[in-house]
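Trainee: Going line by line, the protein sequences match chains V and W.
To convert, note that position 5 of the first sequence is 5 in this note's numbering; the numbers rise steadily by one, no gaps.
To convert, note that position 255 of the second sequence is 255 in this note's numbering; the numbers rise steadily by one, no gaps.
Some clues are possibly wrong.
To be clear about the criterion: a stretch of chain W counts as covered by chain V if any three or more of its residues have a C-beta under 8 Å from a C-beta of chain V, and this derived list gives those stretches [stated by the list, open to error]:
| hint | region |
| --- | --- |
| 1 | 25-38 |
| 2 | 245-256 |
| 3 | 293-302 |
In short, the hints are calculated from the structure, not lab data.
All C-beta atoms, glycine included, are put in the ideal place defined by N, C-alpha and C.
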Amino acid sequence: MTTLDARPTIAAEAPDNYLTFRRGLISWLFTLDHKRIGVMYLAAVLVSFFVGGVMALLVRTKLLFPGQVEWMTAEQYNKAFTLHGAIMVFLVIIPSIPAALGNFVLPIMLGAKDVAFPRLNLFSFYLWVFGAICAVWSLIAGGFDTGWTFYTPYSTTSQAGGVIPVLVGVFILGFSSIFTGVNFIVTIHKLRPPGMTWFRMPLFLWAVYATAIIQVLATPVLGITVALLVIERAFNIGIFDPSMGGDPVLFQHFFWFYSHPAVYIMILPGMGIISEIIAVHSHRHIFGFRFIAFSSIAIAIFSFLVWGHHMFTSGQSGLMNVLFSAITFSVAIPSAVKVFNWLATLYKGSISLNTSMLYGLSFIFLFTIGGLTGIPLAVLSTDIHLHDTYYVVAHFHYVMMGSALIAMIGGLHHWWPKMFGVMYSEFWGKIACALVFIGFNLTFFTQFMMGSQGMPRRYYSYDQLEGMAETFRIYHHLSTGGSYIMALGFVITGIYLIHSLFAGKKAPANPWGGASLEWQCTSPPPHDNFSKTPRVGDCYDFSAVHWDEKQQGYVVDADAHVAAASSGKGH
Amino acid sequence: MSHAHSDASHDAHGHHGHGDHAKYPFLAHHFDTPNQQFESGKLGMWVFLATEVLFFGALFVMYAIMRFKNPEVFSYASNYLDTILGGVNTCVLILSSLTMAVGVRAAQTNKKGLLVTCLALTLAGAIGFLVIKYFEYSHKFHLNLKWGIAFYQPVDESDAALVKVPPEPVANPVLAIAAPNPSAGAKTDPIVPLPAVDRSAIAPPKAGPDGVATVALVEKAQEPAHLKPQAEDHLLDPVMPPNTHKFFAIYYIMTGLHGIHVLIGVGVIGWLLVMAMRGAYSSDYFTPVDLVGLYWHVVDLVWIFLFPLFYLIH
Numbered sequence: 001m002t003t004l005d006a007r008p009t010i011a012a013e014a015p016d017n018y019l020t021f022r023r024g025l026i027s028w029l030f031t032l033d034h035k036r037i038g039v040m041y042l043a044a045v046l047v048s049f050f051v052g053g054v055m056a057l058l059v060r061t062k063l064l065f066p067g068q069v070e071w072m073t074a075e076q077y078n079k080a081f082t083l084h085g086a087i088m089v090f091l092v093i094i095p096s097i098p099a100a101l102g103n104f105v106l107p108i109m110l111g112a113k114d115v116a117f118p119r120l121n122l123f124s125f126y127l128w129v130f131g132a133i134c135a136v137w138s139l140i141a142g143g144f145d146t147g148w149t150f151y152t153p154y155s156t157t158s159q160a161g162g163v164i165p166v167l168v169g170v171f172i173l174g175f176s177s178i179f180t181g182v183n184f185i186v187t188i189h190k191l192r193p194p195g196m197t198w199f200r201m202p203l204f205l206w207a208v209y210a211t212a213i214i215q216v217l218a219t220p221v222l223g224i225t226v227a228l229l230v231i232e233r234a235f236n237i238g239i240f241d242p243s244m245g246g247d248p249v250l251f252q253h254f255f256w257f258y259s260h261p262a263v264y265i266m267i268l269p270g271m272g273i274i275s276e277i278i279a280v281h282s283h284r285h286i287f288g289f290r291f292i293a294f295s296s297i298a299i300a301i302f303s304f305l306v307w308g309h310h311m312f313t314s315g316q317s318g319l320m321n322v323l324f325s326a327i328t329f330s331v332a333i334p335s336a337v338k339v340f341n342w343l344a345t346l347y348k349g350s351i352s353l354n355t356s357m358l359y360g361l362s363f364i365f366l367f368t369i370g371g372l373t374g375i376p377l378a379v380l381s382t383d384i385h386l387h388d389t390y391y392v393v394a395h396f397h398y399v400m401m402g403s404a405l406i407a408m409i410g411g412l413h414h415w416w417p418k419m420f421g422v423m424y425s426e427f428w429g430k431i432a433c434a435l436v437f438i439g440f441n442l443t444f445f446t447q448f449m450m451g452s453q454g455m456p457r458r459y460y461s462y463d464q465l466e467g468m469a470e471t472f473r474i475y476h477h478l479s480t481g482g483s484y485i486m487a488l489g490f491v492i493t494g495i496y497l498i499h500s501l502f503a504g505k506k507a508p509a510n511p512w513g514g515a516s517l518e519w520q521c522t523s524p525p526p527h528d529n530f531s532k533t534p535r536v537g538d539c540y541d542f543s544a545v546h547w548d549e550k551q552q553g554y555v556v557d558a559d560a561h562v563a564a565a566s567s568g569k570g571h
Numbered sequence: 001m002s003h004a005h006s007d008a009s010h011d012a013h014g015h016h017g018h019g020d021h022a023k024y025p026f027l028a029h030h031f032d033t034p035n036q037q038f039e040s041g042k043l044g045m046w047v048f049l050a051t052e053v054l055f056f057g058a059l060f061v062m063y064a065i066m067r068f069k070n071p072e073v074f075s076y077a078s079n080y081l082d083t084i085l086g087g088v089n090t091c092v093l094i095l096s097s098l099t100m101a102v103g104v105r106a107a108q109t110n111k112k113g114l115l116v117t118c119l120a121l122t123l124a125g126a127i128g129f130l131v132i133k134y135f136e137y138s139h140k141f142h143l144n145l146k147w148g149i150a151f152y153q154p155v156d157e158s159d160a161a162l163v164k165v166p167p168e169p170v171a172n173p174v175l176a177i178a179a180p181n182p183s184a185g186a187k188t189d190p191i192v193p194l195p196a197v198d199r200s201a202i203a204p205p206k207a208g209p210d211g212v213a214t215v216a217l218v219e220k221a222q223e224p225a226h227l228k229p230q231a232e233d234h235l236l237d238p239v240m241p242p243n244t245h246k247f248f249a250i251y252y253i254m255t256g257l258h259g260i261h262v263l264i265g266v267g268v269i270g271w272l273l274v275m276a277m278r279g280a281y282s283s284d285y286f287t288p289v290d291l292v293g294l295y296w297h298v299v300d301l302v303w304i305f306l307f308p309l310f311y312l313i314h
């Protein structure tokens, strides 16, 4: 039996792992094992990602043509981009890293047997499923065309039949997110084994912890807001509906009070993954551990204070605009702290340019563009011009997709051998990553260009004004072409990952040379994660990690590792 | 922060560390000690209650904004609420919180009889609260003090001629804002849409809360004598300010959401009562009683804010 004291060997693998511990569909549907719940989340999120991606491709394909097309009316176009946005935000990005990858690795990285409340964990997964069912119900009821932001008064008067069902879905998904957050906060506080102090915790856990705080404190406001919107739409009670004396801007305040922090719910766990990927694959101690850790908390705090920057043109008072603009700038500080620390970690590192690392480097590149292009949007004067143009679309796709989702895909590659015990094809991984990177930039960089020239977002056609089609057609064509390249990259990714499940090489316990606890249990992990309470060293100290030819993987010399940490050789 | 367990306990238990698990059947496999499990449950409950506070917090913020914009509506419509029933309900809830607290202590000190009594009393308080609330709601429904358009529908068809029925909700409210009814804001119109002010271009009005209530309405609000309802039927009341339906909208939403929480409380306290009668709780294991107690106190606390904010205006 493998223990953590001895060097784990493939031959001495645990007799069963979480995949083979019990068999049958029922054992999955009623499992309380965080790893299985994480895998179910992963499958569900990836299916939603596929659906949301198809919607995006439909929207992009329509935009190849400036005017009317027969196969998609303006109304269908509105529904397609709304569905794309709502699926990607509520069903994909928000649960992707914390609920899918986080559920799987968080307890293992922490050295715990499970999350604090396994039943609640399964319950949040089923809440997610019910939320997704509501989205399907909404489609059957006629879809919704409000944009994923559900702005009043349009959302209270829209003729589309599926508005209330999708709002119910968002409400339920909110509770799924809250319960995941509660679970993670308690797990990190109470289930750390001896020796796992806050400053020995991997940065991914710091990031997920900061995320959980936002999930717990911001999501209830979204819940009550969409509940009020449902009541408003059903009964015209006069809270948001101006024809009944309500205030539609109040809805925007409530909505963004959640949804701006939600942006950080999406990006913070991604940043956590990047901290892991950069350190492990450059085999170098992370630079500025405490700075990265506290910048996660700082971002979580700032996230609650900047929601007004979505409403610079909604009729806020000038003073509020100035305050929100100023606070928005300050978000750049913790974000830049992270980027500089990652770059400093890479410096003189022994970098393995494998697929995960390529995604990690893509993240740094794309996140920097996404972050810097946010500055003109935080500046009041330029925002008036750029508001509701493709510039905004490009900006948040660089952050949401180019950063959060790329980090998720990177993390998926990073932990794939751990999750399923198989290695995927590095060759195809690198090709797919390159396609995604090139396709992404082609899709969205052109959108910066057309947005700054005034192409409004969400428009079905762009031939209303003379010269409009000539100006924007080339950008739309490039953008759509880029989206096809990106789609090809994701299709290849799907193929080689699924192929690896059946024909992949068996993964060693530690294929990359990581030193955090998840690399010290077998791949895939045993049902109880650790047969013995693990001994905790410095998770970024790679001095005791050695390549073992026999296992074709790395091994951590636990004694030396723990000794190095206790002698203060770490940070 | 605190580690409820030590290295020693792990080493002693060796491979599976199930010493405590054999001793305490309620201890879940991923916890090492009962105390760790208790502490986790307690922290989880507190974090969940933080989300509850935010849940209601958003509604309190909405209340503050609406009252700031339409103070006359709140001081007028509050007269329709029954302070006596509300006050009785406040006492009922506070007493039930007391019996809950005593019940938690009883569970900790192994006093099963006292625990069962206290839980039964708490349950009676929760149900009593809902019964009183039911009478309050049904009385208002009877008077047609409802939300939205229903507020303006006459109770008695014969009154229909006397009542000013508001126009149908405008098909396109955006246009309605751009070109409001010229009589909007006049005393006779029951629903006043937001005025047509592009606030990014035009300076806010010098007086009055940011152009939402007109100056005349604010002045009217400062004269309490006008704000007493002067007719039995609110639709026939000449002093009823515009947009009074908004007060009842937020009243039903906030007290309704609180009522749902009380209803959930009835469910979980009832379950505790059954389990307590079976002798499930002792000084070793009283986590559920403790956690439900915390929940119940928060529900109680929310009402303590709701009562003065709705019933005790002026």
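Trainee: Are the hints correct? Go through all of them and say.
Mentor: A quick look at each hint next to the structure:
no., hint, verdict
1, 25-38, "holds (count 5)"
2, 245-256, "holds (count 5)"
3, 293-302, "violated (count 0)"
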